[in-house]
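Following the hints, complete the assembly by docking chain B onto the known chain A.
Sequences listed follow chains A and B, in order.
Going by full-length UniProt numbering, the first residue of the first sequence is number 1, and it counts up by one from there.
Going by full-length UniProt numbering, the first residue of the second sequence is number 1, and it counts up by one from there.
Check before you lean on any hint, since a few could be wrong.
Residues of chain B placed beyond 10 Å of chain A at every Cβ, according to the derived structure [stated by the list, open to error]:
1. A71
2. R299
3. P363
4. P456
Below, a sample of chain B positions facing chain A; criterion: calculated Cβ distance under 8 Å [as the list claims (entries may be wrong)]:
5. L422
6. D426
7. S479
Hints in this document: simulated from the structure, not taken from any laboratory.
Note that CB positions come from ideal geometry on N, CA and C, so glycine has one too.
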Amino acid sequence: MAPSATTEGPPSTTNGSSDFNVVSTYKSLLASDPELTMPVAAIEALVETLAHSHATTISETLALLTTATNALKSAISNPISLSAGTDLFTRYLVSSLRNTGGSDTDFQAVRTHLLSNGRLFVQRAKESREKIASFGRHFVRDGCTVLTNGGSRVVGALLRSAADASPSGNARFRVVYVVHAPSSPGANEGMETVRALREKGVAVATVSEAAVGYSMGMVDMVIVGAEGVVENGGIISRLGTYQMGMLAKSMGRPFYVVAESHKFVRMYPLGQYDLGIEQKVVDFKTSEDDVAEPKGEKLEESATAVDFTPPNLISGIITESGVLTPSAVSEELIKIWF
Amino acid sequence: MPSSTASITPGLPSFLRTLKTSPVESSIEQFISLLKRRQIRNSRPCALATTQLLLRVVADFKGRDVAKLMARIRHVGQRLTAAQPREMAVGNIVRRVLGLVREVVEDDNEGDTPAMSEAGQSPPSNDVHQRPGLTSSISTFSPLKHGATQPTSPGEHHAQSLGESTFTHDDSSVHRPPLIGSHTSYAQPNAPIVTSLFGLFSHPSAPSPTSTPTGHSSPSMKPLTHTNLAMSELTLNDKAGTKDIKADVIEGIREILDELDQCTEQIAGYALEHIHADEIVLVHGSSTTVQKFLLTAARKRKFTVVHVESYPNDHLDTYSTVMNGRKKPGTSSGSAIDDEEESVDDMRFKPLTSAGISVILIPDAAVFAIMSRVNKVILATHTVLANGGLIASVGARNIAQAARAHQTPVVVLSGVYKLSPLYPFDTEELVEYGDSSRVLPYEDGKGVDGMEVVNPINDYVEAGLVDLYITNLGGHAPSYLYRIVADHYHVEDVNL
Numbered sequence: 001m002a003p004s005a006t007t008e009g010p011p012s013t014t015n016g017s018s019d020f021n022v023v024s025t026y027k028s029l030l031a032s033d034p035e036l037t038m039p040v041a042a043i044e045a046l047v048e049t050l051a052h053s054h055a056t057t058i059s060e061t062l063a064l065l066t067t068a069t070n071a072l073k074s075a076i077s078n079p080i081s082l083s084a085g086t087d088l089f090t091r092y093l094v095s096s097l098r099n100t101g102g103s104d105t106d107f108q109a110v111r112t113h114l115l116s117n118g119r120l121f122v123q124r125a126k127e128s129r130e131k132i133a134s135f136g137r138h139f140v141r142d143g144c145t146v147l148t149n150g151g152s153r154v155v156g157a158l159l160r161s162a163a164d165a166s167p168s169g170n171a172r173f174r175v176v177y178v179v180h181a182p183s184s185p186g187a188n189e190g191m192e193t194v195r196a197l198r199e200k201g202v203a204v205a206t207v208s209e210a211a212v213g214y215s216m217g218m219v220d221m222v223i224v225g226a227e228g229v230v231e232n233g234g235i236i237s238r239l240g241t242y243q244m245g246m247l248a249k250s251m252g253r254p255f256y257v258v259a260e261s262h263k264f265v266r267m268y269p270l271g272q273y274d275l276g277i278e279q280k281v282v283d284f285k286t287s288e289d290d291v292a293e294p295k296g297e298k299l300e301e302s303a304t305a306v307d308f309t310p311p312n313l314i315s316g317i318i319t320e321s322g323v324l325t326p327s328a329v330s331e332e333l334i335k336i337w338f
Numbered sequence: 001m002p003s004s005t006a007s008i009t010p011g012l013p014s015f016l017r018t019l020k021t022s023p024v025e026s027s028i029e030q031f032i033s034l035l036k037r038r039q040i041r042n043s044r045p046c047a048l049a050t051t052q053l054l055l056r057v058v059a060d061f062k063g064r065d066v067a068k069l070m071a072r073i074r075h076v077g078q079r080l081t082a083a084q085p086r087e088m089a090v091g092n093i094v095r096r097v098l099g100l101v102r103e104v105v106e107d108d109n110e111g112d113t114p115a116m117s118e119a120g121q122s123p124p125s126n127d128v129h130q131r132p133g134l135t136s137s138i139s140t141f142s143p144l145k146h147g148a149t150q151p152t153s154p155g156e157h158h159a160q161s162l163g164e165s166t167f168t169h170d171d172s173s174v175h176r177p178p179l180i181g182s183h184t185s186y187a188q189p190n191a192p193i194v195t196s197l198f199g200l201f202s203h204p205s206a207p208s209p210t211s212t213p214t215g216h217s218s219p220s221m222k223p224l225t226h227t228n229l230a231m232s233e234l235t236l237n238d239k240a241g242t243k244d245i246k247a248d249v250i251e252g253i254r255e256i257l258d259e260l261d262q263c264t265e266q267i268a269g270y271a272l273e274h275i276h277a278d279e280i281v282l283v284h285g286s287s288t289t290v291q292k293f294l295l296t297a298a299r300k301r302k303f304t305v306v307h308v309e310s311y312p313n314d315h316l317d318t319y320s321t322v323m324n325g326r327k328k329p330g331t332s333s334g335s336a337i338d339d340e341e342e343s344v345d346d347m348r349f350k351p352l353t354s355a356g357i358s359v360i361l362i363p364d365a366a367v368f369a370i371m372s373r374v375n376k377v378i379l380a381t382h383t384v385l386a387n388g389g390l391i392a393s394v395g396a397r398n399i400a401q402a403a404r405a406h407q408t409p410v411v412v413l414s415g416v417y418k419l420s421p422l423y424p425f426d427t428e429e430l431v432e433y434g435d436s437s438r439v440l441p442y443e444d445g446k447g448v449d450g451m452e453v454v455n456p457i458n459d460y461v462e463a464g465l466v467d468l469y470i471t472n473l474g475g476h477a478p479s480y481l482y483r484i485v486a487d488h489y490h491v492e493d494v495n496l
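So here's chain A without its partners, still in its complex pose:
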């Protein structure tokens, strides 16, 4: 390790220029590009953090990253997906430094690489989505019906690519899209994909969450996106995915997850209430309080709420490096952590 010149005091966010704020950078990155996923935005934000800092030693940099990561995690209500990105970034830095023996020039080289290629990472993340789409479209055969939910961009890309791939130009599959009730704030999520698919000639039915069990009988497979893929191969995904997985399992339908591998996150949830985040999905009350004010907030909450789908419900995880079984996830994670 290089000598850490931490005589100037404990590292903090003020280590860089004081006007830089990692959280607002993250949020503006996400807002500016609807195609950006949370882990990649987090990586971008960390690259920006590095760029704004004057850290010259390894331990300074790592401390800076830790502070920035913690700041990000505490500012976002559900930091699971985000932490996949920040962890990946930190592990990359640490393992490349470890391999170089940590000499000063190597550190500079790694730092320069990260700083100068920020856009490239985003680019690759988007391309991996296309790659997944090209892999995954083989799952969507002629004449089959696909059930999906949420606003996952990868699922959208996959279905669009499957529609494009059909040789006759006529898409010969149907999609059942689970959407929120029209009154809820998350209702528009996924509608974009629905519109795009209908433009391509794919017959799309939108059903409510309550109709999942009803429609499962006419569905050949379930394809969902994920916010995070956890160590045991389960997924963290938007509320309602778990029940889709259970219904698919009980009716013997394959349940596929599409996720880029940068969404692999190192956590091992044992159940729904073990995600380490605060969710007010189930809210016990003894009195009817006024419905008008808090309801909007509550709906907002349920639009962003997530659940955990355990690996035994998942048939396969379609990533850019191929179709993995859930047990392959831990191996990929072990490779970067140990």
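Okay, now just chain B, sitting in the frame of chain A:
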């Protein structure tokens, strides 16, 4: 088809006999027509014939251009798989040989570049271009692909080449045959940390970081850089072309042949770990692999075998296996999708009963009834697919479901050559239908007129119904098969 073979019954032996003498192109044609007419069928004969044929193709190849050699192998492979897509062993062997060529080229190039050099720093370093294979990051653990891993950063590569140069070299020469037991791969604690998860960060391999084709290494880049890859592959092959790799490739193919030879014995070697004293084991059909497995266990232990007859496609062979320890000679074309052809070395075959094992023959319909007494089900297979599912002779799924209902463990025996990297997107198209006169003979005119008779030859058994796979590499959980696939096939070769 050459007229010379018309006199003998066409099949694997006649094909192998004429292969040595007839020109390559006509041999290919002959094999294709044999495949189409199902005169060579089942995994093992197909694998053997394909390997021998590719040996001829490679030996016959003129010139030193690796790209052309690979294109040639690929082309032959496309024709063979098109002739009989359900015989996946053919495609598996073609992919193995293609992977072999890639590895030989990689090893050679490594030999070219001085290992201690600053290969990482020199931008157009050969290995960067020549390793599109590594997009399969899953396989980076394998010692085989060790030397071939993509540097994540120049510095890192440097350090690696310092530390590992000697190791990589002698190791790869030892390990060249793709016979690696993947369980050994964990034995390398210092494996370079290069994973798909870091793919996002990997270095742009082009000299200027701003140029668009960034990082062949990154898995995410594949669709974009396809043409680019092809180009770089060509250039690298120009470099590698100065070396004659043919000898190495032929040696590798011979090792595949050895693997095919020994596979049954290797699997049988695990028998004692799985069959215990006084167990009741249920088997199905007339597989030689299963028969050898049971015989090996019978040398040390006493147990009971329940043999399902698998009427109507395989029952005669099953009877013969029970009575004589081997299939009826000369009926291989009639036997159902199982695995083996009649073996020439029949000296070693003897019935299980002669080893003191009591064998109970039951009809297929009795499977569920008897399952409650069975301790273990051992199945043979036709093909194993990348998701852990398998294709076996019809009745296998029935047995697997019955076993699941009784919580009886299901063990599947399969050589690695049967393991296909293909994913069963549509399981129905994998099922083959055969001669319905086996169910209802044509002599029964009334019956033939009056009803529709179908005779499916094989079954798709999903991964969830299998508890353990035993291959020549050892025992694996179905969910682990993806790993063995990644160790044996290169991603680019998956689609021939």
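A quick look at each hint next to the structure:
no., hint, result
1, A71, "23 Å, holds"
2, R299, "35 Å, holds"
3, P363, "28 Å, holds"
4, P456, "20 Å, holds"
5, L422, "10 Å, violated"
6, D426, "5 Å, holds"
7, S479, "4 Å, holds"
When the structure is compared with the earlier hints, a violation turns up for hint 5 alone.
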